[in-house]
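Student: Protein sequence lines, in the order shown, are assigned to chains A and B. Per the working numbering, residue 1 is the first one in the first sequence, and the count goes up by one each step. Per the working numbering, residue 1001 is the first one in the second sequence, and the count goes up by one each step.
Treat the hints as calculated values from the structure; they're not laboratory data. All C-beta atoms, glycine included, are put in the ideal place defined by N, C-alpha and C. The reader is advised that the hints may include incorrect statements.
Stated by the list, open to error - Some, not all, of what chain B presents toward chain A, calculated at C-beta under 10 Å:
no. : residue
1   : 1187
2   : 1288
3   : 1477
4   : 1478
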Amino acid sequence: MKRRLAQYSTRTHDFEKHDHRSRDPPVCHMILVSEGRKMAAHLSYGRVNLNILREAARKELREFLDKCAGSKAIVWDEYLTGPFGLIAQYSLLKEHEVEKMFTLKPGRLPAADVKNIIFFVRPKLELMDIIADNVASEDKLRTPRDFHVLFVPRRSLLCEQRLKEKGVLGSLINVDEYILDLIPYDGDLLSMESESAFRECYLENDQTSLYHTAKGLMTLQALYGTIPQIFGKGECARHVANMMLRMKREFAGCQTQILPVFDTLLLLDRNVDLLTPLATQLTYEGLIDEIYSINNGYVKLPPEKFAQKKQGEGEKDLPTEPKKLQLNSAEELYAEIRDKNFNAVGAALSKKAKIISAAFEERHNAKTVGEIKQFVSQLPHMQAARTSLANHTSVAELIKDITTSDAFFDNLTVEQEFMTGVDTDKANTYIEDCIARKDPLIKILRLVCMQSVCNNGLKQKVLDFYKREILQTYGFQHILTLNNLEKAGLLKLQTATRNNYPTIRKTLKLWMEDANEQNPNDISYVYSGYAPLSVRLTQLLARPGWRSIEEVLKMLPGPHFEERQQLPSGLHKKRQQGENRITLVFFLGGVTYAEIAALRFLSQMEDGGTEYVIATTKLINGTSFIKSLMERLEVPP
Amino acid sequence: MMRSKPDEDDYWNSSKFRAFTFDDDDDEFSTLKESKRAVNSIVVDDDDDDDEDDVEKVSWSGEPVGSISWSIKETASSVHVGGQDHGFPKIDSTPSLPRQGSGYSLSSLFKGRPKSGSIQAISESFPDVPSRSFAPELRKPKAEYKDYSDWSPEETVRRMQRGKAYSFETFRSLKDKMLLLDEAVHANDGNVITAVLIFLKKSLSKEILSRELTSREIALRHYIHYLKEMGEQKSLVELLKSLGRTEDMALLQYKEHLNIKDEVRKKEYLKACIGLPFSPEDASHVQDHYTLLERQIIIEANDKQAENKVEVFKKHPRKASILNMPIITTLYYSCFYHYGEPEGTFSSPANIRSTFKISEKQYFLTVLGARAKLKEWFDVDRLFTAKNWFGYTKKKSPIGFHRVVDILQKNNAPVQVLQEYVSLVEDTEQKISLAQKYKCHDIVIDTYKDLKDRQQLIIYQGKVERNSPEDRKIQDLLNNTQIRWKN
Chain A
1 MKRRLAQYST
11 RTHDFEKHDH
21 RSRDPPVCHM
31 ILVSEGRKMA
41 AHLSYGRVNL
51 NILREAARKE
61 LREFLDKCAG
71 SKAIVWDEYL
81 TGPFGLIAQY
91 SLLKEHEVEK
101 MFTLKPGRLP
111 AADVKNIIFF
121 VRPKLELMDI
131 IADNVASEDK
141 LRTPRDFHVL
151 FVPRRSLLCE
161 QRLKEKGVLG
171 SLINVDEYIL
181 DLIPYDGDLL
191 SMESESAFRE
201 CYLENDQTSL
211 YHTAKGLMTL
221 QALYGTIPQI
231 FGKGECARHV
241 ANMMLRMKRE
251 FAGCQTQILP
261 VFDTLLLLDR
271 NVDLLTPLAT
281 QLTYEGLIDE
291 IYSINNGYVK
301 LPPEKFAQKK
311 QGEGEKDLPT
321 EPKKLQLNSA
331 EELYAEIRDK
341 NFNAVGAALS
351 KKAKIISAAF
361 EERHNAKTVG
371 EIKQFVSQLP
381 HMQAARTSLA
391 NHTSVAELIK
401 DITTSDAFFD
411 NLTVEQEFMT
421 GVDTDKANTY
431 IEDCIARKDP
441 LIKILRLVCM
451 QSVCNNGLKQ
461 KVLDFYKREI
471 LQTYGFQHIL
481 TLNNLEKAGL
491 LKLQTATRNN
501 YPTIRKTLKL
511 WMEDANEQNP
521 NDISYVYSGY
531 APLSVRLTQL
541 LARPGWRSIE
551 EVLKMLPGPH
561 FEERQQLPSG
571 LHKKRQQGEN
581 RITLVFFLGG
591 VTYAEIAALR
601 FLSQMEDGGT
611 EYVIATTKLI
621 NGTSFIKSLM
631 ERLEVPP
Chain B
1001 MMRSKPDEDD
1011 YWNSSKFRAF
1021 TFDDDDDEFS
1031 TLKESKRAVN
1041 SIVVDDDDDD
1051 DEDDVEKVSW
1061 SGEPVGSISW
1071 SIKETASSVH
1081 VGGQDHGFPK
1091 IDSTPSLPRQ
1101 GSGYSLSSLF
1111 KGRPKSGSIQ
1121 AISESFPDVP
1131 SRSFAPELRK
1141 PKAEYKDYSD
1151 WSPEETVRRM
1161 QRGKAYSFET
1171 FRSLKDKMLL
1181 LDEAVHANDG
1191 NVITAVLIFL
1201 KKSLSKEILS
1211 RELTSREIAL
1221 RHYIHYLKEM
1231 GEQKSLVELL
1241 KSLGRTEDMA
1251 LLQYKEHLNI
1261 KDEVRKKEYL
1271 KACIGLPFSP
1281 EDASHVQDHY
1291 TLLERQIIIE
1301 ANDKQAENKV
1311 EVFKKHPRKA
1321 SILNMPIITT
1331 LYYSCFYHYG
1341 EPEGTFSSPA
1351 NIRSTFKISE
1361 KQYFLTVLGA
1371 RAKLKEWFDV
1381 DRLFTAKNWF
1391 GYTKKKSPIG
1401 FHRVVDILQK
1411 NNAPVQVLQE
1421 YVSLVEDTEQ
1431 KISLAQKYKC
1441 HDIVIDTYKD
1451 LKDRQQLIIY
1461 QGKVERNSPE
1471 DRKIQDLLNN
1481 TQIRWKN
């Protein structure tokens, strides 16, 4: 089947602007850095130096390690190695006498001739049981080792009670917490890496994660100065703002004397915009996440396309282990293409290929010893750039195989029908067919929820039909999941009131007919037509202000508000002419990579006037979002 | 291909739905290939990473060498203890990046904790003191905590939040306990709220606690969450019941069935669930769930007996038990092993269909899939045959015939069978493309004949084998002067 893109009228000035932005710096403009900085240099490239936050976290880690004098072994809750990797490497631990590292598992701990055993764990009851088991199985004949527990991101009295019940609390020398609320993820991105935040807030009604959010924001203000303006939309946003204001009153004594870095904080509830995470992201990074899921800045990919063939060697055995790639803005090429619509990635890669080829050709022109020396000194960087290009070409090939499939196309067509309001009040044949084909349940739920959101609820008949089909095909136990989705508002029965989605769509211009994927002029390019509601709200707040959209704001759930925080005199920022404002947008309940791309796009707009730093409880996509709301059905062993 | 190009362009340009691929003239495949070629063409002599110490080292699995997860594997696998050097470069651990602010440590910002608290064994100095917890810096003069009896709820909560020693001993009256709870809720710290709730759960009767929680929504949520975490199913059910949240209670009890392994016990449990106060829709689903498992148990017992006797089981041995499978899977199973049984038997497809009100589409798809898998083409034929008032037989299908063809083809149906269904596809263009794909020559030829499309017929003649019956048939048609071709 032949498919074509709509032809876009590319206005010249648009093109030039874009070209100017993405002009390549001299090839391989990498800075020589020592390890500590190498891993994190990209954090300080952004408008706000997030490395300060990382440094503070590292300092605390060192302090904790030094408190346990003598040689140590760390036993890791495996989940934590990801987030910790964003803060520190083994070398830091090693300098503080960490000699061994193990993964937490039941039974006896491996032998290690160290004075201290430190458990790095999340506050989870099942992990307490494992620790108890480890401690109880310790060989009594050996020299006793000191046990410590470090809770990340917070201690939990509940867990301590469990340790006490198990009779091991007394054997622990030290129980402490390592507060890791906001982890610097990239130059403009912070995440709490709290998977269950949305579920807890909207399903369990447990607002503990909001308390941690408020705490994290206080930490941030302690490092980057008080944020003078707070805006918000949604119940959770209101709650967080209230807690922040209260905490500020309580800490009134220790006012920080730091010139504020952020001008504005915008708190957004995820449930104000449930549509966006359900839609398939169409940026490069978004698609990598949709298809292969990015965890703590890493992605695991099928290895076939990455097999290296060296000259003179025959077919090597294909590696069977997945290829793991780190993805962040430290990689120049990735920084350049991550936020592009995938349709624009091919061209960007081929352009890059030409530049790199040209750079390598330079060697033929190098005549003098000086020139050759210069060329050789650049070689390592050029090779890194080549590796990067090879990797991303392979990744793009993998993704392209998916995006050109009929299945992907059909799914996207239905999504776009829903988003534009076509036949959202009827049972959809495509969804019905997918159920009959036994496509993955999450895919079905994602589509049904999307239809419900775009229709402000489904008619009784339609809702009943979907439910029956799902239960008959996937099993009755999913009654529980369907109930969860209803409680969270993702799936609902249409009440007597009119479907207000079309009004919201039109007023906020959520659908742009002529989205330009190659040289975007609007945020809608990230979903090839759909402009994420959350980012539209952010955009409109900066200009012309929310007063212009009062009516629509009232249609969206939860209150909207504005608060001001007093700054100590002398800390009022005097903005240079032409200097952009900086807004921190906090997504309570998760944010997608496509939304981040849209915000980065706004930051880069020449006359935008505002730059954005993004914070969230967790980086999500439609699949992980729905998954977090599903009832855990596996039977405990 | 067949469609005229302008039409196609018009479609995509006018449609609000954008296909997700790449422009012809700038085909992604070619650009990707181009960059791949470029990458490969760059030949550099040293391909080894050894001398690239300024470029980050990455192991094949992608973990940067020296990262935590990489090091866990490395350090755990080494047998020798201590002193072994893994060749990590010595690195300056105090990077010279902007120092402003790095003097802070996160905890010191709020906790006012001494920077280098000495660590001594807490448990040594306070061997098992009930309902009291201690944080590390408690090695302070005793004076600081000896008078905790005077602490107000505010002070207690604040100390808890900061990880300092606290005691609940002074909160004896119900009023004092509730003041403490309210203060904890006011602080918004879930950890503290839960700790207070644990204390209340131990020191108050269930009735009083649930009565008090009724008017304290936030504390109540935390309590429910706590009971869930602890797996205290019984207390939770009682609590929800006393709160009048009967639907939640019913679902919670229903969920319990997942923990029952024995199918007969599970069936009995589900039966008991039927009477629970579900919403009307859920109630009917739970009823169905029970009925389904009941049937499955009967079918399973019978089929186990039949396994070595009945032909179909011998020919196609069962791979798994039918217990706990969804309805549609059960229907498929029944269409596979019990097709043609009278509607009165539990295992017959017709019975399952009517008992669980399976939609016509789902039913057809499932039967078709099962019978096609067994290559029972006669059953497939009958499935779609309907007699009308005059005794004519006519093929009817609730699903498009193109999907029927797809399913048959996936089950390797012979051309004669496929042909019959391809010819029933309504859309002419779709019919031709399916017929071409599955080599149903007669259909292609007849359709072009009906369309009076001589040109296409000539083109198609080029695709069939020389002197084959198809070839001759086309030639006959082309020689036929009676036909008034349109081109």
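Student: Next item in the hint list is residue 1288 (chain B). Is there a CB on chain A closer than 10 Å to its CB?
Tutor: This hint holds: residue 1288 (chain B) lies near chain A, its Cβ roughly 7 Å from the closest one there, short of 10 Å.
Student: Would you check whether residue 1478 (chain B) satisfies its interface hint, that is, whether its CB is within less than 10 Å of any CB in chain A?
Tutor: Constraint on residue 1478 (chain B) not satisfied, violated at 30 Å.
Student: Hint check: is the beta carbon of residue 1187 (chain B) less than 10 Å from a beta carbon of chain A?
Tutor: Holds, because the Cβ-Cβ distance from residue 1187 (chain B) to chain A comes to roughly 8 Å (cut-off 10 Å).
Student: Let's test the interface hint: is any C-beta of chain A closer than 10 Å to that of residue 1477 (chain B)?
Tutor: violated (30 Å)
Consistency with the previously given hints fails for numbers 3 and 4, ordered from lowest to highest.
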